[in-house]
Structure formats: structure tokens, C-alpha cells
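Model the placement of chain B on the given structure of chain V, informed by the hints.
Top to bottom, those sequences are chains V and B.
Residue 1 is where the first sequence starts when you use UniProt numbering, and the numbers rise one by one after that.
Residue 1 is where the second sequence starts when you use UniProt numbering, and the numbers rise one by one after that.
Check the hints yourself; a few may be wrong.
What the hints assert, rightly or not - Listed next, the in silico DSSO-like pairs over lysine-lysine satisfying Cα-Cα at most 27 Å (straight line): (1) B:201 - V:213; (2) B:217 - V:144; (3) V:106 - B:217; (4) V:208 - B:217; (5) V:106 - V:78; (6) V:144 - V:104; (7) B:201 - V:208.
Note that these hints are calculated values from the structure, not bench results.
Predicted, not measured: the structure shown is a model, and the values here were computed from it.
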Amino acid sequence: MAATQTMPSYYDIDTILAEEELIQIRPSFPFSHLSHLDPEHRSRKRRRVDKENVGNANRGSSVVGTAPHVLEEGAKIKMPMWAVDRWVVLGFVTVTLPGVYGRKMKERLQADPVSVDLGTNNTHYFLSGLLLASLLQRASQIAKRHRSRSASSPALQLSALAQSLRYSLLNAMMGDRLRRNFDWTLSALDAMEDDASGHVGRLSVLEKLMFEKGVESSGAVVRWREGGSGRIAGSKVVVRG
Amino acid sequence: MTSAPPSVSFFGNTPLSPDRSIAISSFLAGDEPIAIIPSFHHPEPLGLISGQVGPFRAGMDTVVPLWLAVMLRRRKLAKIIPPSWMDADLLKEVLRFERDPREANFSSLLPYRHAEIAQAILAACRAGSGTGASGGGSAGDSEIPDADRIKLLLEDIATVRMDKIRRNVHTLSSQILSRPSRVQPIIDVTNIGSLEMHAVKSFVTESFRLHRELSGKGNAYSQPLQSAEGSRKENAESRSNGSRLDGASRGRLRASRLVREDDDLQEPRPLEEIDGDGEEVTGHGDTGQSRIRRHR
Chain V
1 MAATQTMPSY YDIDTILAEE ELIQIRPSFP FSHLSHLDPE HRSRKRRRVD KENVGNANRG
61 SSVVGTAPHV LEEGAKIKMP MWAVDRWVVL GFVTVTLPGV YGRKMKERLQ ADPVSVDLGT
121 NNTHYFLSGL LLASLLQRAS QIAKRHRSRS ASSPALQLSA LAQSLRYSLL NAMMGDRLRR
181 NFDWTLSALD AMEDDASGHV GRLSVLEKLM FEKGVESSGA VVRWREGGSG RIAGSKVVVR
241 G
Chain B
1 MTSAPPSVSF FGNTPLSPDR SIAISSFLAG DEPIAIIPSF HHPEPLGLIS GQVGPFRAGM
61 DTVVPLWLAV MLRRRKLAKI IPPSWMDADL LKEVLRFERD PREANFSSLL PYRHAEIAQA
121 ILAACRAGSG TGASGGGSAG DSEIPDADRI KLLLEDIATV RMDKIRRNVH TLSSQILSRP
181 SRVQPIIDVT NIGSLEMHAV KSFVTESFRL HRELSGKGNA YSQPLQSAEG SRKENAESRS
241 NGSRLDGASR GRLRASRLVR EDDDLQEPRP LEEIDGDGEE VTGHGDTGQS RIRRHR
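Just chain V, same shape as in the assembly (with noise of 0.2 Å):
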């Protein structure tokens, strides 16, 4: 029961759309009957098909075409993460860090990070990270069981990715924004002139969450100091019982 409680919901709704973030990898063999992932595909082949129609008409032989609908090795394509999940893991494709977790928010968070507003646009900001850093980190450990230690450098790369992202990812969400988080939620109830709603909105999904229960608490400590608690109410499971 304790270990259920933990886990989030099959169908949580921040999580579903947490995964659907985009990312970038390539493929690290030609996948067959993919091309259509891969928006450049047709630009790509045409002008392949045109240095090869040239290079025969130089020769003089006739077209032999290479193998259609083939997502070549190497090509960039970007999915959601649910899509990509068990490509990663089994080392079919290797993943790049979508730009948002990229070296310009990694300052952008350091330099202000309460400043910084998740809500926009990046809700999931945290939370996409987190379940990206837990997918590299699943398919390290698959790397590493499968390959011997001489050939082990994927492995590494991408526990060091992983390592790298959750160390960003905590830094900022610890640190000064928690306090802030934790302030706002002392306070959010008691100060009338203070309005909160400006915080709240620059919060991720993640922070928005901590913030809920905290306020919660909080009012529920200021309702019992106004009025008690008064009766305890039977559990509506016992009343409809």
C-alpha cells in the first residue's frame, strides 16, 4: 500500500503530458519503413536521387535507387518522449537534451531563478526532466549490462547525461525557489495585500503541486486557530455505508 502511494497514477494527467515531450535523437541504424519521421526525408532523397541521376548521366548507366522508406542512420528526427522510450533503452537511437534543459536556461536559472517563468510555457519543465533523466539513466544501466567494459562508453555518456541533468534540475528547483515556494505558502493565506497569484503563476507543475499542499496546511492552521475544529465528521464512505 505504502509502496503504491508512492508511485503516480497510470493516469495522471501531468505526468502523460510531461512525456510528451519532444526530443531529438538519431537513429544509430536505418530503421525500415520510418522515412515518414523524418521531415527532410523527401528533400534529402531528392537531392540525392538528383547527385545520382547526374553522376549516371555522366556514366552513362541507368538509375538504381536506394532502399525507399528507410529512416537513414544519423538522421535528426524529434518525438515525444513516450514514443521514444523503449528505442533509447535498448541503445537503438541516441538522444540529444531538448534545448530547454540546454546551457542558456541552465544560466538563466542560476543567475535568477525565482525570476524565471515555468508556467508559461515550460510547465513541465521538472517534471519532463525528471522522467528524461530516469530514461537515460534506465538505458545506461541496459548499456552497461550488455556490453564489456572496454565498449562501455555509451554507458557512461549517457549516465553522465543523466547526472548532469538531474544535478541542473535540482539546483534549481532546491534552491532559492523552494524558499520562495515555502515562504509564499506561510504567508499566502495571512497577508491580504499580498496577492499570490503572480508567484503561482511563474511555478511548474511540480512547484505548483508543493505549494497546494503547503497553503492547504497552512489555512487549515489558521481555520482551526479561528474557530476550532468542532465536531469530527463521519467519513462519507461511513455515511453511505
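Below, chain B without anything else, positioned relative to chain V:
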């Protein structure tokens, strides 16, 4: 999103809302023993679930649970003798202690459920609202003469202690939470009040949970890693040994998977076991002094 951990363990694993947790805490405060001076005579002791109380002799003090004291006081059958800590001078001393930046702990002079007890007594004596003695009719001479002062002092103490908790959380965040570490952060909140704990518990436990997840030690957002070889072996084993071994083999695999995945996961040891290797981090600076221990 995720369901909250149970607020009160003896109610099973049912998650409780903060309102209900505080109501339960307030209810449990009703069992605290308190002295009363009854104005009636009842020679037989009363048999309660918690034990026997009484006998009651008019003018002779006796100890009863708080709920009974409040009930008798409301019916004007007894006077409550306020506990020793409900004294203005002592509360002033407590306030001075709590305001002292050198003192990291909370004052030990106040009991765990002091807020609930004080509220129940002051409400029963109808003395805390300022109308005090005049509202009581026959109980004009209130048991707590400086009730308004006591009430204000208790409010001040609550404010100062909440600020101390806030500073402790700030120190914790800046020193431990914002970086990955193998040690489990612990805030020393010895002598914290029940109400103060309820006010910060949800936020702090949620932030600890997320810290654990972000440090790679949690399992709420990571899917179980299935070994193809392991599952094949498990299937073969279960086929050969029959279905009775299914649960056991699954359990073994689950355990071994945990060992593989969480090599660096170490459970914090209880305080008693740690003498030498528990390093203590003391924050000096504008945040005052907080005691945060790191446990290996």
C-alpha cells in the same frame, strides 16, 4: 497528483486532509491530564476507557482528562487549575528563549499539544476573548486572571517559532537540498508543537520526496527495469516448479533488481546508532542557527 502519505499512522494508510489531521490532534489533546477543583461530591470513581478518575470531593483538587475538565467547567461543576506552563511569566521566558538567535532548539517548557490545550482551556473558561470574567456569570472570578495576556503571548510564541522553522527550512534548502548527496537531510525539530508540525508537514515531506526523486533514489517516476534474461528464467522456473513458486520467484527477482538499481541507496540509520559518523552542519549567518544533521 500523487496521493499524500498518511498523516496519522494509527488510522491506517488512509490519507487525511490537514483539517482532519488537526481535528484529530485537537481530539487527542483532550486526553491530557489536568487538575480541577470540583464543586460537587461524587464518592465513587468514574470508570472511563482510559482509566478511573475521581472520586470527586467539593473543593478538593483531582486530575481528570482535559475533555472531562472542559465539560465540567462548561456546566459550572468545576474550576480548572491551569497547567504550570500557562503562566504569563513563564511564557515570557519561553518567548525570550525562542527569540534568542543562539538557541537552535525549541523551548522544552511547552508540551507537544500546548496550542490545543491552551485553546480548550481558554475557551472553556471564556476568558480569552476579552469579555473574560463578565461572560461567565457565576464564574466571574476566572481561573486565569491574565488570560488575554497569555493568549497574546502564545500567539507571539507561535509566530516566532514558525519563523524559526522557516529559517531552518531555508538553511536546509541552501545547504543540502539544492545539491545531490548520498546523505539524507534531517531537520532537528525536537520540542516542536503539534500545530506547527501540521502547518509545515505537507510542504516539507513533498519537497523531501521530490529531492529524493531528483537525486535518483526514488521510484515514483522511474519505470521498473525488466531483464529479458531474468524474465525468461523466471518463466522457465515457474513452469517447472508449478504455480506455487510464482510469488516467491517474483519476490526474489524484485529484490535482486532493487539491489542492482539502487546500489547507492542507503537507508538512514536511527539516531541512536550514529555516534561518531553523523556529521553536524551548523548554519551561521543571517539565517540564525539551525541544526541539520547529515546521516550516512
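Open item on the list: Of the numbered hints stated earlier in the document, which are not met by this structure?
Closed with: 6
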